[in-house]
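Q: Chains A and B, in that order, are what the protein sequence lines are. The first sequence begins at 1 in the numbering used here and counts up one residue at a time. The second sequence begins at 1 in the numbering used here and counts up one residue at a time.
Check the hints yourself; a few may be wrong.
Once the Cα atoms are required to be at most 30 Å apart in a straight line, the calculated DSSO-like pairs of lysine-lysine come out as [unchecked claim]:
{"id": "1", "chain 1": "A", "residue 1": "119", "chain 2": "B", "residue 2": "78"}
{"id": "2", "chain 1": "A", "residue 1": "119", "chain 2": "B", "residue 2": "590"}
{"id": "3", "chain 1": "B", "residue 1": "575", "chain 2": "A", "residue 2": "119"}
{"id": "4", "chain 1": "B", "residue 1": "575", "chain 2": "A", "residue 2": "45"}
{"id": "5", "chain 1": "B", "residue 1": "535", "chain 2": "A", "residue 2": "121"}
{"id": "6", "chain 1": "A", "residue 1": "273", "chain 2": "A", "residue 2": "222"}
{"id": "7", "chain 1": "A", "residue 1": "121", "chain 2": "B", "residue 2": "78"}
{"id": "8", "chain 1": "A", "residue 1": "122", "chain 2": "B", "residue 2": "535"}
{"id": "9", "chain 1": "A", "residue 1": "114", "chain 2": "B", "residue 2": "575"}
{"id": "10", "chain 1": "A", "residue 1": "324", "chain 2": "B", "residue 2": "38"}
{"id": "11", "chain 1": "A", "residue 1": "122", "chain 2": "B", "residue 2": "590"}
{"id": "12", "chain 1": "A", "residue 1": "121", "chain 2": "B", "residue 2": "575"}
Anything over 12 Å on all C-beta distances counts as not near chain A; from chain B, calculated [claimed, not checked]:
{"id": "13", "residue": "25"}
{"id": "14", "residue": "29"}
{"id": "15", "residue": "45"}
{"id": "16", "residue": "136"}
{"id": "17", "residue": "142"}
{"id": "18", "residue": "143"}
{"id": "19", "residue": "184"}
{"id": "20", "residue": "218"}
{"id": "21", "residue": "236"}
{"id": "22", "residue": "320"}
{"id": "23", "residue": "334"}
{"id": "24", "residue": "418"}
{"id": "25", "residue": "527"}
{"id": "26", "residue": "531"}
{"id": "27", "residue": "578"}
{"id": "28", "residue": "590"}
Derived by calculation from the structure, the hints in this document are not laboratory data. For glycine and all other residues, C-beta sits at the position ideal for the given N, C-alpha and C.
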Amino acid sequence: MTALFIIIIVLFAAVAIWQMVKIFDLAQIKTDTSNNGIATDYDNKVNGYLMLAFLAFIYIITIISFVYWGHLPLMSNAASEHGAEVDNLMMISMIVIFTVQIITQFLLHYFAYKYRGEKGKKALYFADHNTLEAVWTIIPVIVLAGLIIYGLFTWNSIMNIDEDADPMVVELYAQQFGWTARYAGQDNVLGLANVRLIDIDKANVLGIDEADPNAADDIIVKELHLPVGKPVLFEIRSQDVLHSAYMPHFRAQMNCVPGMITKFAFTPTLTTKEMRETPEMIAKVENINNIRAEKSKELLAKGEEELDPYEFHYLLLCNKICGKSHYNMQMNIIVETQEEYDAWIAEQKTFKESLN
Amino acid sequence: MSTHAVDIHAHDDGHGHHHKETFVTKYIFSQDHKMIAKQYLITGTIMGIVGVMMSLMFRIQIAWPEEPNILFEALLGKWAPGGVMDADIYLALVTIHGTIMVFFVLTAGLSGTFSNLLIPYQIGARDMASGFINMLSYWIFFVSCVIMMGSLFLEAGPAAAGWTIYPPLSALPMAQPGSGWGMTLWLISMALFIAQSLLGSLNYIVTVINMRTKGMSMTRLPLTVWAFFVTAIIGVVSFPVLLSAALLLIMDRSFGTSFFLSDIFIQGEVLHYQGGSPVLFEHLFWFLGHPEVYIVILPAMGLVSEIMATNSRKPIFGYRAMVASILAIAFLSTIVWGHHMFVSGMNPFLGSVFTFTTLLIAIPSAVKAFNWITTIWRGNIQMNPAMLFAIGFVSTFITGGLTGIIVGDSALDINVHDTYFVIAHFHLVMGISAIYGMFAGIYHWYPKMFGRMMNKNLGYIHFWITAISAYGVFFPMHFIGMAGLPRRYYTNSAFPLFDDMTDVNIVITVFALIGGAIQLVYLYNFFVSIFYGKKATMNPWRSTTLEWTTPVKHIHGNWPGEIPHVYRWSYDYSKPGHDDDFVPQNVPLKEGEEELQH
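Make the full structure from the sequences, and use the hints.
A: Following this line, the structure appears as structure tokens:
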């Protein structure tokens, strides 16, 4: 079916091109019989108008994209404390970008249309102008200075881990192709670990040093639970290749590098439940479920199983190419109240208990 | 300086051959810069076809994931059992697409073609400083292409660790099938590629410095030559670092060293590596990798500047500022590589430094963009296909460049790093733009290369449909990137969260297919015009630079008589006091005429 679709597209494209060549050629006969490869006044005129049309196309595709896909970008609804700051900076940068884009594209294409060539016209001999050069050097300098300063403040506040806030320490452990999380337990100190200590037979899959007293109360889980409003410090490890711990809803990302521990900290501000109830998320989930329902119909018609309805979860995804199943390396994150979290963590086995 | 045609033949005879060049010395092992340029162009075109085909295949896979496709079955064979693309091969296609496009097409195909063609022509030299080294560099490039193509036919498939080949994924054959022989061949091919690039660059630098004709001061050089010259310098500074990274990676892979690897447990066993760091590799890679994007874009900028001035019938606006911004971009390009590594685990303080230096690049870039716009202002714009591509270049360079202030800002990069947003950004700013620059160059200098004209109507169709599809592909891509869709995912169906992006991906792929198909028109135009195009005149675009003072039919040594002397800069278009709207560089100043102070 797809192949047929593609073939049809290619065929249509070919026909369209052939038609257009014909039109151009026919138009040519009227104005200029010798196609010597050099633009004539007629070409200048046609392409000048097309420049205007293309300007319109750029604006229209911008508007269409916003209408149809404007809800996609993660620029509101950040689920972490620093996320709101990132969104704000993003919004300011976007405003700058769109302003400059709209103006410069207009100037470029409008000039191309306005000053299209005509026989006998002479261009202006205008080779230099220091004031103009100064203007478009200094304006970007001022705008960028603002963006750089704001950006650096934001970056520093994100990356400086405040030890006084007593963050909860959690290890994220990446491997081909899955995630494991390890909580530091009562003492909030992770036991030492190295992949050389991995002992599959004893179920010591993270290579934790059994002799380290801090390790005994560590808790290893396959689903990440975080209490809302509490700073969490991720210590990130990888056992084989590079991975990247990407948590888009929290505006958080850090690579997982074998041989070293990388860190990232944030404070979740919205529980999973609260996030599900935001109007944006309700609309998004509804939309996704409509799409899935439609797909299910197709699948049923083919005699396959239908898709489960979707329910929102915060996600940890892998965002650094890591091999065959890179596209399916995920872990759910559940943000909940302190009480719910306490109840959940109390049910989990400690590392000592889990050893064979 | 008074070498005559006769002398050149005498020089040829010095090798002990007969008067006539043989087929082999003329078309294969040629030492003539014009022939070598054509060799680079055609090899680059063939590599480009392969690279684009690959991108279309993986775009189809993303839009209609895991659906059987006869195209895959035919082209990928056992890697697409039943017509369904294998996940490992998806990664291989992505990897080789990136490698081919960045290095083989946009570095060798673009720089190799136009530096070779235009440097001797435009500075008024008979040939490159060393014809032999020039020939050597092409043939090393050719071998490098053959090895890269050869790796496609390996049992386990070609390299598949992404074009950035980060270890440990690229270092460990057990991590993915492509990291076996596929990666070995990739590294060998790349080492040869770097060798050819260095030989070429040294030749360009020496030629520009030593072999300018009388009167061709550095301030009278066309911006093309400035761009090629500075590009060559960046290449000489940064490519050796990639070579060292490749050599160290080969050592880690084959000789048991631990430069980039440490503490690895894979497939049930602990490997012996200890003490190395993949982050070191990232630093070495991007120390080339970032300047590389300027190696790609600067020559395109040079070509576009020249074409814009010629076709606007106006001097390029702000010549000095243009040269200064080329130099500024070149300098800054070597101190910004860390912006690819904001979330790599390096010290956050470095992130601050690299954010600062990175965003500074926007300043010279803005200067260039505004100077181009001012160049066409009140011009008499001749809408030749080359000019359309030059305007298209400025358009995509602005659209793509602007998002650079987002990905270059460490705080914002956290959330868009390695998503489709980045793909949209760099494809527009250095992929599409550089390709436009290359197309502009080809349409403009085709008469110089082949002595015939390309069909302009096919050129117009080629441009407009390409321009629409380029925006159609990459504009919507920003949105799915900001929605957090990671790149290099074989399918997005593993995440219901991304289900609402299915339609965007289909739109992108359809535009990509149209954009890919329209290149057939270009290929047809290019190859057919070599034989059947209208015969070109000596100076079809009525341009001022020296290459247009050479005869249409190529001769060894470029000028039949003396090398022309230069009396003015290369942008005397529509100068008051002249009848014609262009004054070639070899025309002496009239009495009382002042040369522009630039």
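Q: It remains to establish, for every hint, whether it holds in the given structure.
A: Results for each hint:
1. 119(A) / 78(B): violated, 60 Å
2. 119(A) / 590(B): Holds, because 26 Å separates the two Cα atoms, which is no more than 30 Å.
3. 575(B) / 119(A): holds, 17 Å
4. 575(B) / 45(A): OK: residue 575(B) and residue 45(A) at ~24 Å, within 30 Å.
5. 535(B) / 121(A): Given pair residue 535(B), residue 121(A) holds - Cα atoms ~27 Å apart, limit 30 Å.
6. 273(A) / 222(A): Holds, at roughly 20 Å.
7. 121(A) / 78(B): Cα-Cα ~62 Å, so violated.
8. 122(A) / 535(B): Holds: residue 122(A) and residue 535(B) sit about 28 Å apart, inside 30 Å.
9. 114(A) / 575(B): Holds, at about 21 Å.
10. 324(A) / 38(B): violated, 40 Å
11. 122(A) / 590(B): Holds, at roughly 20 Å.
12. 121(A) / 575(B): holds, 13 Å
13. 25: About 31 Å separates residue 25(B) from the closest Cβ of chain A, which puts it past 12 Å; holds.
14. 29: holds, 32 Å
15. 45: With a cut-off of 12 Å, residue 45(B) remains clear of chain A, as the shortest Cβ separation is near 20 Å.
16. 136: Fine: 35 Å to the nearest Cβ keeps residue 136(B) off the interface.
17. 142: holds, 30 Å
18. 143: Residue 143(B) clear of chain A: closest Cβ-Cβ about 28 Å, beyond 12 Å.
19. 184: holds, 18 Å
20. 218: Residue 218(B) is indeed farther than 12 Å from all Cβ atoms of chain A, at 17 Å.
21. 236: holds, 29 Å
22. 320: violated, 7 Å
23. 334: holds, 19 Å
24. 418: For residue 418(B), whose nearest Cβ neighbour in chain A is about 5 Å away, the distance does not exceed 12 Å, so it is violated.
25. 527: Its Cβ never comes within 12 Å of chain A, the nearest being 16 Å, so this holds.
26. 531: holds, 15 Å
27. 578: Its Cβ does come within 12 Å of chain A, the nearest being 10 Å, so this is violated.
28. 590: holds, 15 Å
When each numbered hint is compared with the structure, violations occur for hints 1, 7, 10, 22, 24, 27.
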